[in-house]
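So the sequence lines, in the order shown, correspond to chains A and B.
Take the position in the first sequence, starting the count at 1, then add 5; the result is the number in our numbering.
Take the position in the second sequence, starting the count at 1, then add 375; the result is the number in our numbering.
If you're looking for bench data, these hints aren't it; they were derived computationally from the structure.
By construction, the Cβ of each residue, glycine as well, lies at the ideal position given by its N, Cα and C atoms.
Any given hint might turn out to be false.
BS3-like mimics (lysine-lysine), calculated; alpha carbons at most 27 angstroms apart, straight line [to be verified]:
1. 37(A) - 413(B)
2. 375(A) - 197(A)
3. 37(A) - 451(B)
4. 64(A) - 413(B)
Pair ranges (Cβ atoms, derived) [unchecked claim]:
5. 385(B) - 51(A): 25 to 35 angstroms
6. 336(A) - 434(B): 55 to 65 angstroms
7. 51(A) - 464(B): 26 to 36 angstroms
8. 6(A) - 438(B): 45 to 55 angstroms
The residues making up each chain are set out below.
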Amino acid sequence: MKKTFTINISGTIFHIEEDAYEILQKYLVNLKNHFGSGEEGKEIIADIEARIAEIFSEKSSDERMVVTIEMVNEIVEIMGTPEDFAEEEGEEEPVIDEAKRKRRLYRDPEHRVLGGVCGGLSAYFNMDPVILRIIFVVLIFATSSVALLAYIILWIAVPKAINTTQRLEMRGQEATVKNIEKSIKEEVAEVKESYKKFKESDTFSKGKKNVEGAGDVIYNIFKVLLKVIVVIIGVVLIISGFFGLLGFISTLAIGHSFVDGWPLIWSPDIQVPGFFNHFVEPGTVTFGLISIGILVGIPMLAMLFIGTKLVFRYKTNNAAIGLSMVGVWLIALVSLIVVSAGQIGNYKSQSSITVNKTISCDSCQTLYLKLADDKYDDYAELDLDINNFKIMIIDGDEVMIGEPNLDIVKSGSDNFIVSVKKTARGKTREDAKESAEDIIYISELNDSTLIFDPYFLIEENGKWRNQEVDITIKIPEGKAVFLGEDMIKIIYDIDNVSNTWDADMVGKTWEMTSDGLDLKEIEE
Amino acid sequence: MKIENAKAQMRKGVLEYCILLVLDGKPLYASNIIQALKEAKLIVVEGTLYPLLTRLKNAGLLTYRWEESTQGPPRKYYELTDSGRKFLGNLENSWGELVESVATVKNSRA
């Protein structure tokens with residue numbers, strides 16, 4: 006028992022079995038694709054359908070006229086498939102000129118494992134899809150899944166080769182070096198040809214034709230140049246998009262970029278997640294990172310997409326893809342702005358704590374200021390340096406350190422006073438004060454020598470809140486201060502009567518006079 | 376260079392000539408033309424003929440009219456136009472010349 010359909014071929018009604026119908030349907034679609042949808046193609050199809058109806062009528066002599074699968078197969082054999090036509094016609098096809106058909110990138114639905122991207126690419130490059138798939142799988146592991154992302158983009162962006170024309174285009178002219186050379190030679194020949202024409206027209210007829218001829222020559226030269234440039238731009242876009250994405254994703258996901266130092270247009274040099282943890286809360290970091298990921302990722306995806314389009318010339322719904330990309334990008338932008346705006350609130354208030362220490366050394370005439378050894382100088386890796394503020398990696402842990410500022414003023418009392426002022430910002434004064442308390446700064450007193458650390462530390466898990474440490478040394482009138490050579494690192498704009506620069510103040514002894522600090526002559 | 380291609384190219388030129396030849400004198404409908412060409416072993420699959428007929432018709436060498444059939448739908452009867460007849464005359468001449476040329480080459484070789 007078989008289900009039958011009633012169909013109308015060229016005005017005659019037939020009953021056709023379901024399986025036979027499917028084959029006939031497919032065959033006619035194939036023919037339509039082969040002959041094209043133009044006026045001529047339509048007429049050819051109508052003629053062929055008329056002939057099919059005629060043959061069916063002959064075959065089904067009884068009144069019922071049921072078309073079976075055998076009859077359809079016979080029809081296909083009698084009429085021939087597009088491949089048969091191509092064979093009989095030789096290289097040139099009647100409607101679509103195959104020789105001139107350029108290769109386009111399609112996904113190959115007949116050789117697919119996932120989306121047919123590898124199949125299509127292998128058809129494009131005329132190589133075994135298995136090799137491409139192996140390369141691809143290796144790439145996925147080697148690039149921490151960026152290749153997979155590229156696959157998905159191609160899956161979405163590259164159209165499937167559905168009909169015969171597309172399948173032929175997919176295989177098209179072989180894109181070998183030889184063929185590319187050939188097509189460039191052809192272009193050059195074209196240019197020469199039109200130049201020749203232009204010269205001929207120049208000698209024979211002057212006037213309007215010249216302009217047209219010159220236009221032709223320029224147009225052709227321009228065309229060749231444009232094609233070469235477009236391909237070069239495409240390749241550059243693909244490479245930079247791919248590696249940019251690779252670097253960016255590895256930076257985001259692993260917190261370590263392994264494309265550092267590669268000769269690329271764009272390569273990240275900061276470790277994003279770690280970097281942000283010093284500024285904002287982890288939850289916000291994740292949200293912000295997703296936004297940044299989209300914000301930076303989309304332009305790179307677009308580069309990859311446009312690049313492959315320029316090189317492989319496949320057809321896509323550009324507007325839909327472009328608009329959705331722009332839409333997502335804008336959403337990411339807005340959410341990042343909102344998050345950032347929220348963060349600014351964390352710096353609204355300022356608060357500070359000042360600790361004054363009187364140095365009880367009545368006999369001391371001169372206070373010696375020195376800098377402790379730089380503990381981080383040798384083995385710490387610099388991560389970030391903004392405004393006297395550094396993030397360093399020490400034994401795998403990230404540590405935030407800042408540079409203190411030191412000033413020297415006149416003391417109101419008869420004692421040396423060391424005043425350390427820790428300042429920080431926060432959402433409220435309390436928050437700011439808490440952050441200020443979290444600042445660790447160490448200075449040591451040894452007899453009459455004050456030893457300062459070159460850096461202050463921010464307690465573990467503390468956030469950057471524009472912390473500052475200001476040290477003020479108060480010198481009583483008549484007493485002196487000696488600035489060690491190292492002190493240049495932390496002293497900041499110390500007033501003195503001779504207006505000496507900070508850099509020239511170190512290594513010398515300065516006496517506090519009634520007018521201010523004055524260079525003390527060393528008495529031999 | 377594939378032999379199939381060379382053969383196909385040869386046959387292609389001849390095919391158009393033969394279609395005009397078959398239609399010379401009497402209007403025929405597609406099946407008749409196919410019959411004649413198949414007997415002459417000029418075509419294998421019928422689908423090849425339709426694009427050729429359409430192209431010749433669009434070139435103004437052929438024209439067709441619909442004729443009622445005793446069985447089935449009306450049929451398209453093709454016939455030569457005046458320019459088609461002239462074209463055929465030209466082809467006949469060049470065919471004669473070609474046959475002669477080939478024969479000359481063949482003889483001189485022997």
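Hints, one by one, checked against the model:
1. About 24 angstroms separates the Cα atoms of residue 37(A) and residue 413(B), which keeps this hinted pair within 27 angstroms; it holds.
2. For a cut-off of 27 angstroms, the pair hint linking residue 375(A) to residue 197(A) is broken: about 80 angstroms separates their Cα positions.
3. Distance hint between residue 37(A) and residue 451(B) is fulfilled; the C-alpha atoms sit about 20 angstroms from each other, no more than 27 angstroms.
4. Taking the CA atoms of residue 64(A) and residue 413(B), the gap is about 19 angstroms. The hint holds against a cut of 27 angstroms.
5. For the pair residue 385(B) and residue 51(A), the supplied restraint of 25 to 35 angstroms holds, since their beta-carbon distance comes to about 30 angstroms.
6. A beta carbon spacing of about 59 angstroms between residue 336(A) and residue 434(B) agrees with the range 55 to 65 angstroms that was offered as a hint.
7. The hint said 26 to 36 angstroms for the Cβ distance between residue 51(A) and residue 464(B), and at roughly 31 angstroms that hint holds.
8. For residue 6(A) and residue 438(B), the hinted distance range of 45 to 55 angstroms is satisfied, since their beta carbons lie about 49 angstroms from each other.
The structure fails hint 2 only (numbered hints given earlier).
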